[in-house]
Amino acid sequence: MSNIDKMYIPNVDLWSRYYQNVISGQSNAYVGHMKSGYNKGSQSGSFMIPISNKSYPIRAEKEKNFEVRLVSPSEQIVNQAKEEIKIDDESINKTDRKRKYHHSPQSRGAQPSELQIFEIPPYQVGVESITYEECRPVSQITAYNPIEFDLCANNGMDYIDLKRSKLYVKLKVKKANGEDLQDGDTVGPVNLFLQSLWSQLDVYIQGQMVTSSNTYYPYKCMMKTLLQYGQDAKSTQLSSSLYLKDRYGHMDEISTNTGLYERRKFISNSKTLEMEGPIFSDIFEMDRYLLNMLSLKLKLYRNDPSFCLMSGEIDTNYHISLEDVVDERSPASLKYEEDQRIISEFMDSSQSIEWGDRLPKGKPGTNRRKQETA
Numbered sequence: 001m002s003n004i005d006k007m008y009i010p011n012v013d014l015w016s017r018y019y020q021n022v023i024s025g026q027s028n029a030y031v032g033h034m035k036s037g038y039n040k041g042s043q044s045g046s047f048m049i050p051i052s053n054k055s056y057p058i059r060a061e062k063e064k065n066f067e068v069r070l071v072s073p074s075e076q077i078v079n080q081a082k083e084e085i086k087i088d089d090e091s092i093n094k095t096d097r098k099r100k101y102h103h104s105p106q107s108r109g110a111q112p113s114e115l116q117i118f119e120i121p122p123y124q125v126g127v128e129s130i131t132y133e134e135c136r137p138v139s140q141i142t143a144y145n146p147i148e149f150d151l152c153a154n155n156g157m158d159y160i161d162l163k164r165s166k167l168y169v170k171l172k173v174k175k176a177n178g179e180d181l182q183d184g185d186t187v188g189p190v191n192l193f194l195q196s197l198w199s200q201l202d203v204y205i206q207g208q209m210v211t212s213s214n215t216y217y218p219y220k221c222m223m224k225t226l227l228q229y230g231q232d233a234k235s236t237q238l239s240s241s242l243y244l245k246d247r248y249g250h251m252d253e254i255s256t257n258t259g260l261y262e263r264r265k266f267i268s269n270s271k272t273l274e275m276e277g278p279i280f281s282d283i284f285e286m287d288r289y290l291l292n293m294l295s296l297k298l299k300l301y302r303n304d305p306s307f308c309l310m311s312g313e314i315d316t317n318y319h320i321s322l323e324d325v326v327d328e329r330s331p332a333s334l335k336y337e338e339d340q341r342i343i344s345e346f347m348d349s350s351q352s353i354e355w356g357d358r359l360p361k362g363k364p365g366t367n368r369r370k371q372e373t374a
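The numbers in the UniProt record's numbering rise by one with no breaks, and the one at position 330 of the sequence shown is 330.
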């Protein structure tokens with residue numbers, strides 16, 4: 001029987017008639033008062049209504065021999081409820097089964113963080129300092145040659161936090177003949193101008209290429225900017241990359257395109273423009289440090305000025321003059337004890353990988369001797 005069946009369902013007429021009979025002496029308020037060998041109840045399985053027309057033959061058989069004693073009406077109801085609950089629960093065999101936990105010898109108990117009220121949170125002691133260093137290109141900055149960086153040539157014992165690395169560019173926009181821009185020149189940079197300067201980015205580690213954008217670098221940067229950054233970041237920190245959203249339907253019209261109008265102010269009259277922003281490459285988005293004494297090289301290929309600049313004029317011929325390009329890397333100096341621990345773990349892992357390459361190849365669970373005899 002469910003708890004809903006045992007709920008108290010009041011019936012005002014039955015209760016009024018019952019108490020009037022008790023007061024007038026027409027009802028005997030005895031526990032187990034029987035008529036014709038059956039217990040009376042208004043509903044089968046309910047004990048809260050004192051008068052009924054249905055029978056409980058099972059209870060009547062068990063209560064043939066009963067002890068009569070004088071009780072109050074309220075006590076009669078309580079005792080009747082206990083008896084009916086006992087009868088209904090006889091067919092239900094409840095067994096308490098405890099869950100068995102199989103603990104590993106290496107496992108240990110833990111508590112949720114909500115219960116660790118007086119616990120002191122851990123604090124990092126491995127990194128001693130994090131700074132920014134300027135890394136100049138190893139190649140000459142020209143109009144068409146790729147720009148190369150060797151980020152970890154002289155890093156010594158420092159680890160490199162690639163996620164903090166940034167690219168700094170200083171440039172001027174001029175006419176193709178070398179003259180400065182005039183007020184009447186309706187030309188401006190495209191949105192996300194810093195990343196649009198480059199058509200391709202290649203990353204090399206120890207002389208091996210690990211990442212290549214395949215001339216799709218500006219599109220990759222724009223997609224990641226639109227999907228990974230919120231509106232607050234786009235209106236604040238990404239403005240250093242000259243991210244100012246264009247107005248839809250007015251792309252090449254400086255008078256109505258608010259984004260192009262604001263970006264044009266930074267290059268008007270061939271003013272010097274300085275930009276700084278993240279490097280959109282997979283390896284520059286990882287949360288782990290790059291090991292020291294590793295050679296990491298970047299190679300940036302320039303885009304054509306017609307891709308980086310936008311104008312409403314039909315015949316446009318402009319030139320972008322790069323004055324300085326710097327990669328700002330972020331080396332992390334580790335404490336001596338932490339550095340020795342990482343070197344030890346690295347040596348152990350490299351030895352296990354080298355030893356694993358020497359193991360015989362075969363199906364899992366097979367024996368080398370069985371393979372040789374076969």
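These are calculated hints, taken from the structure and not from any lab test.
Bear in mind that the values here come from a model prediction, so they are computed numbers and not experimental data.
In this text, a Cβ means the ideal position worked out from N, Cα and C, and glycines have one as well.
Take the hints with a grain of salt, since some may be wrong.
[Said to hold, decoys possible] Here are the simulated EDC-like pairs of lysine to aspartate or glutamate, each with C-alpha atoms no more than 20 Å apart in a straight line:
no.	residue 1	residue 2
1	Lys166	Glu323
2	Lys170	Glu274
3	Lys175	Asp287
4	Lys163	Asp185
5	Lys224	Asp287
6	Lys170	Glu323
7	Lys166	Glu119
8	Lys174	Asp287
9	Lys297	Asp327
10	Lys220	Asp185
11	Lys175	Asp185
[Unchecked claim] Okay, the calculated beta carbon distance ranges per label pair:
no.	residue 1	residue 2	range
12	Gly312	Tyr144	50 to 58 Å
13	Leu322	Met223	51 to 59 Å
14	Asp324	Ser212	45 to 53 Å
15	Ser268	Gln208	52 to 60 Å
So which hints don't hold here, by number, going up?
3, 4, 7, 8, 10, 12, 13, 14 and 15
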